[in-house]
Every structure is written in structure tokens, then in C-alpha cells.
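Asks: Each protein sequence line maps, in turn, to chains A and B.
Each residue of the first sequence is one higher than the one before, counting from 1 in the numbering used here.
Each residue of the second sequence is one higher than the one before, counting from 1 in the numbering used here.
To be clear, the hints were calculated from the coordinates, so they are not data collected in a lab.
Keep in mind that the hints are not guaranteed to be accurate.
[Claimed, not checked] Pairs of lysine-lysine residues, derived as PhoX-like cross-links and limited to a Cα-Cα distance of at most 20 Å, are as follows: (1) A:Lys110 / A:Lys37; (2) B:Lys326 / A:Lys351; (3) A:Lys314 / B:Lys326; (4) A:Lys224 / A:Lys241; (5) A:Lys326 / B:Lys326; (6) B:Lys300 / A:Lys359; (7) A:Lys365 / B:Lys326; (8) B:Lys300 / A:Lys314; (9) B:Lys359 / A:Lys366; (10) B:Lys314 / A:Lys326; (11) A:Lys300 / B:Lys326.
There are 2 protein chains.
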Amino acid sequence: MDNSIVGVIMAGGSGERFWPISRRMRPKQLLYLTSEKEMMLEEAVNRLLPLIPKEQIFIATGAHLLESVRKSITNIPPENILGEPAQRNTAGCLAFAVAHILARFGEAAKDMLMSVVTADHLIGDADRFRDSMSAALRFSQEENALLTIGVQPTRPETGYGYIEITNLNQPLSDFQGIPIYNVNRFLEKPSLEDAEIYQASRFYYWNSGMFFWRISTMLNGFKKHMPDHAQGIEGLSELIKTNPGAEDEISNLFDSLPSISIDYGLMEKADNVYVALGDFRWDDVGSWDSLCRFLPRDEKRNASVGDPVMIDCKNIMVYNEPGVDKMAICVIGMENVLVVTSEDGVLVCPKDRAQDVRKAVAEMKKRNLGQL
Amino acid sequence: MDNSIVGVIMAGGSGERFWPISRRMRPKQLLYLTSEKEMMLEEAVNRLLPLIPKEQIFIATGAHLLESVRKSITNIPPENILGEPAQRNTAGCLAFAVAHILARFGEAAKDMLMSVVTADHLIGDADRFRDSMSAALRFSQEENALLTIGVQPTRPETGYGYIEITNLNQPLSDFQGIPIYNVNRFLEKPSLEDAEIYQASRFYYWNSGMFFWRISTMLNGFKKHMPDHAQGIEGLSELIKTNPGAEDEISNLFDSLPSISIDYGLMEKADNVYVALGDFRWDDVGSWDSLCRFLPRDEKRNASVGDPVMIDCKNIMVYNEPGVDKMAICVIGMENVLVVTSEDGVLVCPKDRAQDVRKAVAEMKKRNLGQL
């Protein structure tokens, strides 16, 4: 446990890709997707608790989710759960969180180290995750560096961003066996062709979307590359400290920030950016299809949750929402499909159309259906 | 309205083929499959009411369904709804019904005409159905004949029995434009090859499973070809008349009857069997797949009930149980499948596997699931 570390968990996701289990008011981070005992957000908090005092762990989520997150997460102080008044991408989210941290801890905050983690990714080995985090924080402190964590890709993946490193054979540090490299460049979600090239080379790693730095280093980076945000942070922290009830003013100031990702706004532009290579299993579990990867399969490669009846099926996934045991699901003679059922919704599609659940959600919005 | 006619509606079906909408306690005849306003059994009763006084319409169903049928059907006297103590096929069903009719109307019953109809078939034109019924009854009365109704096949169908007629160009009667023919033979459910041969010839018609005769003609047929049943009818009617509370005795006597169909036991053996050709639409709606035939299709040949969202689908059927409007169904990128949802069950299968829902029901029985 280190009093000099703060943790920020970005938990602002919407609830579209996991319909019919997820909802606007119950997005992915509040689901029991990767564990039957803990919501993904609970897992994220519990992963940080061995390293960071609970008073220094913050969750940034959408204002409309504030109450349900506070109800779900009771092992950190409720005032550390922050409701962003609008969606301003990851740079906005971090500006909002840092403004609160500055308001709370004052000038001393600038010397604190900060771990920015996600609320809705699967992380296989929490101990090894914390080792990577420690190595990244240590390097960021020693070198005034902005760190991210890269992950060994296990397949060509067109849904993730990649990081290209340079000094493969000369890591800059090797604390606890976690090597640290220079980042040559960040790569957007690639074509399948490019993803296959990346997969064949040890110079490419998945961008996990986590960040580690001393707060002063981050603020300097903001001043140089995102001056609007730097000013926004100052204004917001002043308002929060002196007049925390001024919700409208806070909201107006936050709304005025450009919507931009921290990768694009800071990490791709700064010259003190490095990557720590995590050797834990990581996946952003971005769709029903990707959830298949974590479920045990039977001899016909069928994966299931909630005891469906499957007759003559191959390579299908059936997800019958746990806890809703009044539904009986029967699937006969199907291949390569997903069937997902909740108390009030059913999704059926080929596995390779899992991304298109967004289209279905859009259509339901048009029809003003209640099950969103 | 003719006081000399009694109607018997055979409503003993089980609830397997239309899972998850049907159940053991809510079988096909109690579903709103072919009409959104009336259960199939209600439709069957209402089709008879213009021709038969309600006191002379009987429903024979399983004893376990007696209460729910009496609750659902309130336009005939509750004592006319009979609960068979066991399943003894259609010959047993008719023996049970006739025993009650004899007990109720005494010797006069033997001169009455009897219409035996099914509770779970689709009949398109009720007026034309009644014309066929009148023509069949009239012929049965004049000629001491056992009549059935044959229907123009609209496709080669391996799921139905067929009737082969002989005198195609010399109908024996043509009352109200309904021709009556000699039956050469009854044909069991054919192979596809044979069904195609039948389809090409005007000598073959679908066996609708309905029967028309004077009760004395039927009793004579039973005496000659099914003496056990003839004796059973006598014993049962005596018991019902003199000691209607003797449920155990009635049940024991009924149980002792051989389980046999009226087609096999009587119609295929008697020599006074004729067929009236109905020119109304008829279908036994035997499975989810066949229900597709009655639903309107969109331009991609998709049929749906209950407003599902269908994206990039072709030739699918989605049936979201009417009245259960809390379920939202989304189907994306599927072809030739069925998706059926009820409040507590979901079925997904290729259309040509619709018959196999029985396998799924068997598996659920094994698992002791409640949704049966």
C-alpha cells in the first residue's frame, strides 16, 4: 500500500454492445460478465485495493450512472465516485478526475503517482497486473515519463489499437521482470492484413488503454499538448474546492472541453511516452462474440451460461442471464450463432455479426422500446 | 340449427410441438395460434354453433385439462366438456364421448347424426366447412354411411395421411357443390416421393381427421370391427347414467380399452366409408414451421408476430408470444430459422428442424425443468 498513489477507474461506457443484458442504466462495467461473483467494475476496484488506499481510488462514470455505481461499489468512499456531466472522451474524463484530486489533496497531489485503469476489460492475473503497474509507476516517477501498458497479442485483432516499440532487445528497465520500452508510435485499429503483420512481429503490442504517471508530469503534458484541458483542470479544481455545489458552473466548464481521447491528445504527441509490457491475460471483451473466448466449451465447441438445452449444435454460444433462472432456452441444429436472453430481451445472430447489436439497439431506440 | 345433430370436438392433444408457447397444461388447442382473438378450441366450438344447439356440442379432452377447458369455453354447458381419464387414442376418445351422449339422450341418441371434428386444425372458410359438414351428414343419413372429409392437397406433404378415391368423374352426391366419393383406401403419411405422386393426381386428398355418421351406424361399425369398444361403450354409458360418481369404475373400464385410432380400427375396415371433398383451406398446423404458412411475410419472406427487430434476415419466422409484450426480440443476419419466445422460454432452430422441438422437450423433462 502506497500513500503516494491515486487510482482512477474510467467507467463511463454506455450499454449497447451487450444488449439485452446491458442497458443504458446498466452498462457493461456493471455486469457479471467475466466473473459470476463480481461486476467488472467491482473487479477493477478490487484489483487496485492491495496497492492503493481506498480513499485514493476514484471512479469516473456518467452522471446518470452515479447512483447505481455508488450502490454497487461500497468499498471506496461514495464521494470518490464522480459523475461526469457529459461525455468528453477519455481526456475529458481524466481532466475531470484530476480536477477533483487536486481539489481534494491540494498542491501535494502534483507529486502523487496516478494509475488510470479501465472498468470493463478482462484482466487474467491480478497479481501480475499489479507488478506491471508497480513497474510502470516506478519508471514514470524516476523518468518523468508517461507510461502505458502493452499486452502480448494472442491473435490478429482488428478491434484493438496497437503500440509499436523500438528497443526490443534493450529494455530501459526490468523491474520485477516487466520490461519497459520506447514507444515508436501508436497504431489505430488495423486492417486484418496489418493485424497479421503485427502478429508476426515482436515489435507490436495491444494498447490496453491504461496510463501511469506522476500527476505533475501529466499536467505538464496537458499544458504543452492540450492547453484547453490544462486550463479546464485549473478552473474545475478551483470551482470544486471553493464551491462544490456550483453544479451548473462545473457542468458548463466541463461541457466546453473538446471531446478527445487521451491517446490522441497526449500520448501520441508527447516525447516522454513509454510502454511497460504486461504479461497477464487481457481482453477488452468488446462484444458477445469476444465473451466466447472466456467461456469453457464442450466437445462440439459450444459455450454456454445458464444451462440451455443444445441439440445438434456446433460452435454456438448461449448466454442465459445468470440469476434469471425462470427462462428455459432450447437451441436445435444451429452453428456459429449467439443466443443471448435476459428477463426482457432476446438476441439471435451469427457470431461474426455480434458487433451489429448496436444496429438493433438503434432500431429499438427508433421504435421507442422500453428494453434499452 | 338442427336438433338431430350432436358435435364432438376431439381436444386431447398434448403440449409438446409448440413449446415454449404450449405446455402440458396449455396445449395447442388452448393457444391463439391461428387467430389473435380466439383459442383454436374456441374457433372449433364457434364453427359448430350455427349448425348444432350448444347443449349438443361436446368436447373430449384430457382429465388434467378439464378445469382449464371449462374456464376457457363458456358458451357450451360445462357438463358437456368431458375429461378422458387416460389417453386411448381417437377410438377411445369417441367411445367415451358416445357413451356420454347415450347416457344423456338415451335410445333417441342412436338416431342422431354426429359430427366429429378436431380442436387444433386451421379451417379457412367456416361457412364452406359447414356446407361440407351438412353434405356429409346428409349423405351419412341417407346411405347409412361413415363419412370423412378430404381436402385438396396444396403441396406434397409427408406429415399428413391421404385418402385415395375411385369414382372421380361420378360423384355419388353433389349437395351444395360438395362431391362425395367412394374411398378406395386410406394411406399413411407418405414418403416425399409418394407425396409427389399423390400431388400430381386428382385421386388423392388429405385426410382431415373429421368424421360424420348416424350414431347407430357408428355403433354397428364398432360392433363389427371393434367389439371391445362396442362393449366398452355399453358399459360406460350404463355406468355414467346410473352412477355418474363412480369415477374409479368408469376410469377402470375406460383404461381397459385398447389404444387404437378410429381410422385404423373402423374407417379402414368398414365397407360403407365415403369421403366428402371440402373446398375450404385446411391445415393441421402441426409445428412452428407450418405456422409460417399462415403468417404474412415481408419482402424478404420474413414472418413475425409480436414486432421483433429483424436486421438482414431472410425467410425467418419470429414468434414473440402475443400479450407478453415485455420481451424485446432482435434477430440479426439469420436465414431460414425459427425464433419463438414466451415469458419463460426461448426456442431457436432451423425451420426444417421444427419437429425436433419434441427432442428438446424430452431433454427438459429429463432435467426436470419447470417450463414444460
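Asks: State for each hint whether it applies.
Replies: Hint by hint, here is what the structure shows:
1. A:Lys110 / A:Lys37: Violated, at about 36 Å.
2. B:Lys326 / A:Lys351: violated, 26 Å
3. A:Lys314 / B:Lys326: violated, 30 Å
4. A:Lys224 / A:Lys241: violated, 25 Å
5. A:Lys326 / B:Lys326: Answer holds: A:Lys326 to B:Lys326 is near 15 Å, not above 20 Å.
6. B:Lys300 / A:Lys359: Cα-Cα ~18 Å, so holds.
7. A:Lys365 / B:Lys326: holds, 15 Å
8. B:Lys300 / A:Lys314: violated, 27 Å
9. B:Lys359 / A:Lys366: violated, 39 Å
10. B:Lys314 / A:Lys326: violated, 30 Å
11. A:Lys300 / B:Lys326: Given pair A:Lys300, B:Lys326 is violated - Cα atoms ~34 Å apart, limit 20 Å.
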